[in-house]
Amino acid sequence: MKRRAIVTVLGMDRVGIVAGVSRVLAENSVNIEDISQTIMQDFFTMIMLVTLDEDITPIAGLQDKLNEVADELGVKITVQHEDIFRYMHRL
Amino acid sequence: MPMLINPEEIRETIEMIQEQRLDIRAVTMGISLRDCSDENGDKLLGNIYRKVTESAKDLVKVAESLQEKYGIPIVNKRISISPVSAIAESSDLEDYVPIATVLDKAAKELSIDFIGGFTALIQKGETPGDRKLINSIPRALAETDRVCSSVNVASSKAGINMDAVLEMAGVIKETAELTKDKDGIGCAKLVVFANIPEDNPFMAGAYHGFGEADRVINVGISGPGVVRATLERYPDVDLMQVAEIIKRTAFKITRMGELIGRESAALLGVKPGVVDLSLAPTPTPGDSVAKILEAMGLEKCGAPGTTAALALLNDAVKKGGAMATSSTGGLSGAFIPVSEDLGMIEAAEAGALSIEKLEAMTAVCSVGLDMVVIPGDTSVETIAGIIADEMAIAVVNHKAAGVRLIPSPGKGKGDRAFFGDLLGFAPVMAVNPFSCANFVRRGGRIPAPLTSLNN
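Chains as they are written, first to last, in the working numbering: chain H, 1 to 91; chain E, 1 to 455.
None of these hints come from the bench; they were simulated from the model.
Treat the hints loosely; a few may be bogus.
As the list claims (entries may be wrong) - Partial chain E-side listing against chain H, Cβ under 8 Å, derived:
1) 7
2) 9
3) 11
4) 69
Unchecked claim - A short, non-exhaustive set of chain E residues, derived as facing chain H with CB atoms under 7 Å:
5) 5
6) 10
7) 13
8) 14
9) 68
10) 70
11) 71
12) 252
13) 255
14) 259
As the list claims (entries may be wrong) - Residues of chain H clear of chain E, computed beta-carbon distances all greater than 10 Å:
15) 22
16) 27
17) 44
18) 55
Backbone N, C-alpha and C fix where the C-beta goes; we use that ideal spot for every residue, glycine too.
Can you make the complete structure from the sequences, with help from the hints?
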C-alpha cells in the first residue's frame, strides 16, 4: 500500500547530509516529493515529504536504516506517517 | 506536489515529542467479563483467563506498530475489566485472591503493564461478592504485581458510605503492612473512589463499567511538559492569554489521543471508547503539572494562588480537549499525584505543599489525593477521616475523586518512600494530629446532597 510519510532531519550542519539521507531513501525505493530545508546558526533542519510502498518498505524498517546513516552523520532522523501532523494541527 | 503540511507545524510536532516528552500515556482495553461467571470457581478462573488473553492478544503488538508508524511513544498498554466482585459473586470461591493471581498471570503473558478491575461498588451497601472482594484486597495486592484494585464508596446520588470508608482505611493499613518490604507499594495499586468513571483508562482506578460494550479501547493522553514549555515562552502575558495558550496546546495533545484511539480500535476490531483529556505527569524532569503552575508565576506549587492557577489550567485543558475529540471520558483533567511528579515532590519537601492544600486543589481538578505518602503509624480512623473529606468534595461537586494513600510502614515525616518506575518516590507528608475517631466510628451513611435531586 502506498503511503505518504514525513522524514525530518535535525542536527549540526555538515557536508553530505542531503546526499546521505537521499541515498538511503533511494536504496529503499522511497520517492521524495518535496523538501524544505533551513539552516539557523549551523543547526540544520530538513523536512522531506516522501511516498513509500508499505509492502516493500515498512516505516519501522526504514527508520532502522535511517538510524544507521543518522549515526554516521551525527544527526537525528525521524520518519513518521503524515497523518500525525495533519491530526495534530487540523480538525 | 506541494507540501500540504506547514513545515513550522512539523517542527513543532517533532519538538513536542522529542524535547517535551509528549506521549500517549495509556492505551487501555476495556473487557467485559460478564460472560465468565460460573458456579464452579475453577471454571470461573479458566473463563477469565481465556477471555482476557484472547481479547487482548494483539494489544501490545498493535500499540507498538502505531508507535513506529507515527513516531510517538505509547507508554503503557493496559486492561480494565468488569468489577470482579460482581463477576465472581455466583461462584463457590471463598476468597478472590486466586482471581487476582490469574489476572496477574494473564497481564504478564500479554506484556500488559497493569490490569484494573479488582473492584467493588459499595457506595450504598455491599453484597456477599463485594465482601469477599474487599477481604481479599490486601493479599491480592501483596501477592501480585500488576493487578489494580478500586472500591467506590460514595457517589453524588447515594452519598458517602461511612462504614465502607472506615473499612477501606483498614484495608489500606493492612495492604501497607503486607507490602512493608517495599515501603507499602501495595497501596499504590489501590484507590478509594467517589463517582468512579466507567471508562477511565488510567490506573489504579480503571474498571470496565456495566454500560460499556464487550470490548473497547480507551486512551489516556499526557503532555505536561509540552504545556510547560509553551507557557515558559510567554512569561509576561495576562491570564486570559495563558488560558488561550493552554487551550491550544491541549487541543494538539488530545488530537494525538484521538488518532491513536481511533486507529488502534480499528486494528483490534473493537469499539473506540473515550479519550481521557488528562495532563498526566511522570517522575521524569520537566514532565510535571506542578511545574506548569510554577511557570504561571508561583514560586512553588502549594503557594497561595495554587488552587486558582490549577482551576485555570484544568478548565483550559478541557476546553481545548473537547474541541479535539467528541468522545471524552474517564477522569479528564489535570492529575496531581505527588510521587509521580517531580515538581510536587520538591514542593512537598520544601514545605510548600501540605495535604490540606492538596485537598483544596482536588476541588478544581480531576483525580483526588493521589499517591500521597503518610506516616506509617497514622491511625485507621485518621485515614478514614482523610478519605471522608475527599469523598465529600467529590460528592458535593458532582465530580470523580480517588484517594490513594500510602501509610508507609516504619516511615515518619522527613523520610522518603520509594516505589520505582512510573510510581516514583515521595516524601512522607505530615498528617493533622487531632483525632476524628468519634466521628468516623459513628458509621452509617452521609446522605446525598440536595443538589442530587435534579430530576
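Status of each hint after checking the structure:
For residue 7 (chain E), the shortest C-beta to C-beta distance to chain H is roughly 4 Å, which falls under 8 Å, so the interface hint holds. The restraint placing residue 9 (chain E) at the interface with chain H holds, with a minimum CB-CB distance near 5 Å, inside the 8 Å limit. Given hint, residue 11 (chain E) at the interface with chain H, holds; its Cβ is 7 Å from that chain's nearest Cβ, closer than 8 Å. Interface restraint check for residue 69 (chain E): the shortest CB-CB distance to chain H comes to about 5 Å, inside 8 Å, so the restraint holds.
Hint status for residue 5 (chain E) relative to chain H: holds, with the closest Cβ pair at about 5 Å, below 7 Å. The interface hint given for residue 10 (chain E) is met, as the beta carbon of that residue sits about 5 Å from the closest beta carbon of chain H, less than 7 Å. Given hint, residue 13 (chain E) at the interface with chain H, holds; its Cβ is 5 Å from that chain's nearest Cβ, closer than 7 Å. Given hint, residue 14 (chain E) at the interface with chain H, holds; its Cβ is 5 Å from that chain's nearest Cβ, closer than 7 Å.
At about 4 Å, the closest approach between the beta carbon of residue 68 (chain E) and any beta carbon in chain H falls short of 7 Å, and the interface hint on this residue holds. Below 7 Å, beta-carbon pairs count as interface contacts, and residue 70 (chain E) has one with chain H at about 4 Å; its hint therefore holds. A hinted interface residue such as residue 71 (chain E) counts as satisfied when its beta carbon comes closer than 7 Å to some beta carbon of chain H; here the least separation is about 4 Å, so the hint holds. A hinted interface residue such as residue 252 (chain E) counts as satisfied when its beta carbon comes closer than 7 Å to some beta carbon of chain H; here the least separation is about 5 Å, so the hint holds.
Because the smallest distance between the Cβ of residue 255 (chain E) and any Cβ of chain H comes to about 5 Å, under 7 Å, the interface hint for this residue holds. At about 4 Å, the closest approach between the beta carbon of residue 259 (chain E) and any beta carbon in chain H falls short of 7 Å, and the interface hint on this residue holds. Distance check for residue 22 (chain H) against chain E: the nearest CB is about 17 Å away, which clears 10 Å, and the non-interface claim stands. The beta carbon of residue 27 (chain H) is kept farther than 10 Å from every beta carbon of chain E, the shortest such distance being approximately 20 Å.
Non-interface status of residue 44 (chain H) relative to chain E is upheld: no Cβ of that chain comes within 10 Å, the nearest being about 12 Å off. Here residue 55 (chain H) stays apart from chain E, with its beta-carbon at least about 15 Å from theirs, past the 10 Å limit.
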